[in-house]
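> For reference, the chains in residue letters:
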Amino acid sequence: MSIAMAVYFGLKLSGEDQSIYLVGETTHGHHQIEMACTLCHKKAFGGAGVLQDACISCHGEEMKLVEDSHPKSKFTDPRNAERVAKLDARFCVTCHREHRPHMSGPMGVTLPQDFCFLCHADIAKDRPSHKDLPFETCASGGCHNFHDNRALYEDFLLKHSDEPDMLPIQKVAIRKKTSPVRPVSNRPLTPLTEAEADASFEMKADVHLMAEWSGTAHAKNGVNCSDCHTVKNQETGLEAWENTPNEHACKTCHDTQVKGFLSGKHGMRLASDLPAMTPNIAKARMKDDAGEKAMGCVSCHGAHAFDTRKAAVDACLVCHDDEHSRAYETSPHFVLFRNEAADSEKAGSGVSCASCHMPRFVHREEGVDQVQVQHNQSWNLRPNEKMIREVCLNCHGLRFSMDALADVALIKGNFSEKPRRHIESIDWAKKRVFEKKKKQEEGRGESSRSL
Amino acid sequence: MNQQMKQLSRLFLLGVVTFNMAACNTAKVESAPPGISPQVMADSLHAVMEADRTVYTKWIVNRLQNEEKVIKASEHWKDDKALVLPAQMFRMGAERVAESGKVSFSYSLISLWPVNKQNEPKTEAEKTGLAEINKTGKSYYTEETLGGKKYFTALYPDIAVAPACYSCHNDHKDSPKTDFKLGDVMGGVVIRIPLGT
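Quick mapping for you: the protein sequence lines, in order, are chains Z and G. To convert, note that position 237 of the first sequence is 236 in numbering that gives the first Met the number 0; the numbers rise steadily by one, no gaps. To convert, note that position 61 of the second sequence is 60 in numbering that gives the first Met the number 0; the numbers rise steadily by one, no gaps.
Please note that the accuracy of each hint is not assured.
[Said to hold, decoys possible] Just some of the chain G residues that point at chain Z, by a computed CB distance under 8 Å:
#: 1; residue: 125
#: 2; residue: 127
#: 3; residue: 130
[Said to hold, decoys possible] Straight-line distance between alpha carbons at most 25 Å, and here's what the computed DSS-like set of lysine-lysine pairs gives:
#: 4; chain 1: G; residue 1: 116; chain 2: Z; residue 2: 130
#: 5; chain 1: Z; residue 1: 435; chain 2: G; residue 2: 180
#: 6; chain 1: G; residue 1: 148; chain 2: Z; residue 2: 85
[Claimed, not checked] Simulated coverage check for chain Z against chain G, where a stretch passes if three residues somewhere in it have a Cβ under 8 Å from a Cβ of chain G:
#: 7; region: 79-92
#: 8; region: 291-299
Quick caveat, the hints were computed from the structure, so don't treat them as lab data. Every residue, glycine too, gets a C-beta built ideally from N, C-alpha and C.
Okay, chain G solo, but in the shape it has when bound:
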């Protein structure tokens, strides 16, 4: 996705959010204004997620851990009095969104080389999608039915944007892959938007 499109989708998302807030508190995807397709919505959501994820990794984790060496990032951030990992930051956000009960989309971070086995692809769409984005470096869209519900499912490449990304994964005792480099696709962000009622 080029810069301009990213800007555009960020604006779109702003539109969706403002509309929902103005319309009602329990806005569902179905009540999004006509004209915004699930794909545009997913792209917009992803633009915000990716921006936040990059900012956190570059200016918090990479700066303080890898450059200034003042504090570490750790899975056990409470016990170790450390920074939350970028993946945990991402999941905590996703969980808050789910718990809020205000929206019905969901998102998570997955990979073919997961540190955490729970993050390996589970559904067919995740398996095909990950293989595809690893090959093309581009987003992948499909539909799938899970638990009797139909979803629009989008996958976006998750890229090693800073040395903190690959150094931590390469050195992690549970990482199945130890030669990630800057700019590599390390995994994918999957966003699901329920279709129909």
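For reference, chain Z alone in the conformation it holds in the complex:
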């Protein structure tokens, strides 16, 4: 019997359907790829170390970029052995255990929420303002994060402490006309006319399609039909016309954008060699008729027209149907977006879905600044304080931003009112520094008297 079982499971493991092994549902972060077991369980045995490699292969780069406040290196030093014994923060799975839906909290944390207590129990000694604060509120109250504190560290709070709700200049980065792409070939980027389009005669008869193409940056920069539609067969190596090219074609020129897309919830299944993501398997609420639309570059950008303004709002609302999304078109942000669209003078003043969830950012490469769009929408989504620096602070003060992001009802209504919650971090930081300085001055006075 046991041999039969072993053979059965052995066959199953190498087969397509691995659902039988799913020991418990995964979190919202991994549910799309939960059937690709070997993505994380790279080896059958090996425990936390093997899993750690898998975590790092997808999340490692981000941890470095956000200057992780609790990097592994803090815990490998033997002087911290006692702490490691309490909480082995050298491994991601100590706090984020998968397949444990019953104990999985926000951010996929499977520890009781007061875990900060394990190492920071005596915090009130140094920060009297923290006396009697429950430890489960450290990370849930809008004040601290375990990993990313770039917008929450004390000196940052102080630096931005006096900002008004609305900054004098409210503007997001503006994309240049020639966006940073790799050229298709060494051909000069000269504009193409419809007559020069190199599709078949029948295809060129589609007036609508031809008009869309000739209006784009593609046609204006010499990107012809065949540049996207000629695809190399991976096995034979032969090139042939492809009617519906996928992200691999786009990647030829837009590689960082495609990399972002493949890292986020829209593209992670494709990145894992699974069939594309479709709205009907999403955990977030989607429109009923969004159904089985397969996610690729053109599902938001639309083939041929590639209208980025459409991609920034309309495309999202084709599928997304949660309260926050539905409230967008009645929000002040939407008014700004509409006004920008109507007046080219106002470039950078509109706030679309993408302005916050796929924000433009300045990427410096070899000393040259480029404005790019972050296509990984998970990049700044959770915990939401990750949005402060790259998004909110383009237009709002820090205090206002922190308060707004802590107000759940406000977020649901898509920021149509003023925040009703207040995060006291900035007030406490100011008070502490004021008192410390006073004490130090007094100390100095005394020591100079005693000299």
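Assemble the complex: chain Z is given as a structure, and chain G must be docked to it using the hints.
Chain G only, in chain Z's frame:
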């Protein structure tokens, strides 16, 4: 430690490093050539650390911040587009060494008056050692067991070698001590070398 001994330990360290590189990439302390005791190894490592730390503080931080006043040093060096603090420079090096996985010693900077609370003494050896080096101004050696592993632990006084050291600490909002002077012991460098297998 006098100048001659420092020279000597620097040579020793060169020896250890060259030997390890020649022998194998994953040389562990245990495979150090016979004759080099943990103490000599620690002294040698410290000589290099201290030299680099002094050079960085004197000729980069103190010169450019305190003398020429062209750029500041800041904890938030990325946000402030500033120089990395000497303590951060030291820790970044220690982290790279740890991450390299090539060697098993570790080192850090600690103090009885830490700006950063994480740098206050944690283990018994650190507590006794710091008190001792503050009193004597000399290095301190002991053994300790942490996380079930035995270590040779050495502490060396960390001295205010330039005005940048004491002025920055004395003015820092989180510094528990505001009257450091040139030449004071401000804290200690702790080096740990695992013993046995």
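> With reference to the structure, classify each hint as holding or not holding.
Now the hints, each set against the structure:
no., hint, in the structure
1, 125, "holds, 7 Å"
2, 127, "violated, 14 Å"
3, 130, "violated, 17 Å"
4, G:116 x Z:130, "holds, 17 Å"
5, Z:435 x G:180, "holds, 21 Å"
6, G:148 x Z:85, "holds, 17 Å"
7, 79-92, "holds (count 5)"
8, 291-299, "violated (count 0)"
When the structure is compared with the earlier hints, violations turn up for hints 2, 3, 8 and for no others.
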